[in-house]
Amino acid sequence: MNDLRSLLADVAGEVAPADLAPRVTAGLRRRARRRKVAVAALSVAVLAVGAVGTSALTRRKPAGLTPATSGGGYDGMWIDIEDAGRTWRIQAQRVGEPRSDRGLVTAGMLTEFDLSPDGTAIAFTTPAGIAVARFDEKAELQEYPIRRAIGPTEARPAFSPDGRSVLYRRISRKTQGISYDGFAVVDLATGAVTDVAYPHGDGDVAWSPDGATVAVPSLGDQGIDLVTLAGARVGRIGGPGWFPLVHGWSPDGRHQLVAIVDDLGGGREAHGAAVVTLTGDVVLRLPLEEWVWRDAGHVAALVGDDDVEERGLDGSTRPLMTFDFGLTGVHRPTLRPAS
Amino acid sequence: MNDFEEFVRARTPALLRSAYLLTGDQHAAEDLVQAALERTALRWRRIDRGGGVDGYVRTVMYRLQVDRWRRRSYSAEQVTDAPPERAGGDPYTGADTRLALRTALARLTPKQRAVLVLRFYEDLGEARTAEVLGCSVGTVKSQTHLALKRLRETSPELAHLLSEGALA
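These protein sequences, in sequence, are chains A and B. Taking the numbering used here as reference, the numbering of the first sequence is continuous, increasing by one, and the terminal residue is 1070. Taking the numbering used here as reference, the numbering of the second sequence is continuous, increasing by one, and the terminal residue is 351.
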């Protein structure tokens, strides 16, 4: 062994010395800058979850705080937090991962999808339009039947709270980008489509938990319109620095959680989030980029690179867990509800 | 961060040597060590200073190397069954033997290479090697066996170093 070790040491000794301290410092600064690119990171997060496919979207609920790796040759890692019958998932994403040839990646544009409330179906945008699919018992995505492809000018699907309908945006493709002409609701049982004229906003629409209102974000207006299924605007919330394309209803429908980008001057920005009432009053500010509703009164947020905390609307803070992402080969973790 | 910078400057040479054995390339070795150190910096406050830091950064480095290869859609170093062309000249001189070993290492998969470096350069046992790579002891055993088998096949001139007696 000594001979082989000596020879290995000789080979290792051929490497030229290098001062890596400046490069490490520069790399850490780049990482810090990357964290500020919330929009890009979030879109990548959606792609990554799509690539994870079956694992990220199954109804799997391991007991306790169980780190696990997904199967199928993809080494995505997640941690599920079980709490009061619901599971919250911290998805550790990778960047630059080769696309899997399994699952949804081959089916369409996974930048746009929504899971049904019971976790048994997914609505997503394909080049041919909106498709709705159900998982089989093993949640093997390549085996699902595509139930309906509506057309090439639909985007941004969202399940109704009861899972019986899907709402999607009507879009017009133009030379320069697209415009949103309104939205439509398709009844999944009958196929009947109800058009709703509302030519405003962009990005993902979100159905309120009671199914009566749709939140329509508008990046240009830095706000969110609250619109009925008849197309009537019943409210509008927003303000300077809002980045409403990233938003979410609280489980009780009383609040919205919205991404905020504060301009600090000199080209510097601070990314965070705000919990606001439906009249626009800010209840809580979070200087954090990754968060997800935990229950009507609490948000789970990623603090730093590996701490997950619960932040209450009453200002309370409670640590949930810490995980060492340094050893997983992941770029950065994101938070998603898993059930 | 001063103590981290001190750690970087103190440990970079040793880390680079291991990384060079893992990658076989100066630039790739520097990139690998840099990536491992960046991840270590993010955890710096939490890592046990009582001897745990070096083990942590090495673990990150080895896993990154194996992981990077797994994530690539192609490998710059193709593993083939054909034995490589061997350097000419006296096979028993030190330079030629080093060249033969470098060439032979390039014929291993990154995991086999990592196992070999951990077992025979870092002098780690099977259990500790498995711990560093995040795999089972059985995997370490099988990868070690395959790595040595391939080295013997591709570089007969190293046979005297790779016999069971020499490795015992």
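It is worth saying that the hints were derived from the structure and are not from the lab. Glycine is no exception: its CB is placed at the ideal position from the N, C-alpha and C atoms. There's no promise every hint is true.
[To be verified] The following residues of chain A were derived to be distant from chain B, with all beta-carbon distances above 10 Å: (1) D750; (2) V916; (3) V927; (4) D1026.
[To be verified] Chain A side only, calculated, beta carbon under 7 Å to chain B, not exhaustive: (5) L738; (6) D741; (7) V742; (8) V755; (9) A757.
[As the list claims (entries may be wrong)] Covered by chain A, per the in silico footprint, the following chain B stretches (three or more residues, Cβ under 8 Å): (10) 187 to 201; (11) 212 to 225; (12) 281 to 290; (13) 318 to 330.
Which earlier hints turn out false for this structure, listed by number in ascending order? Hint check: 1, 9, 13 fail, others pass.
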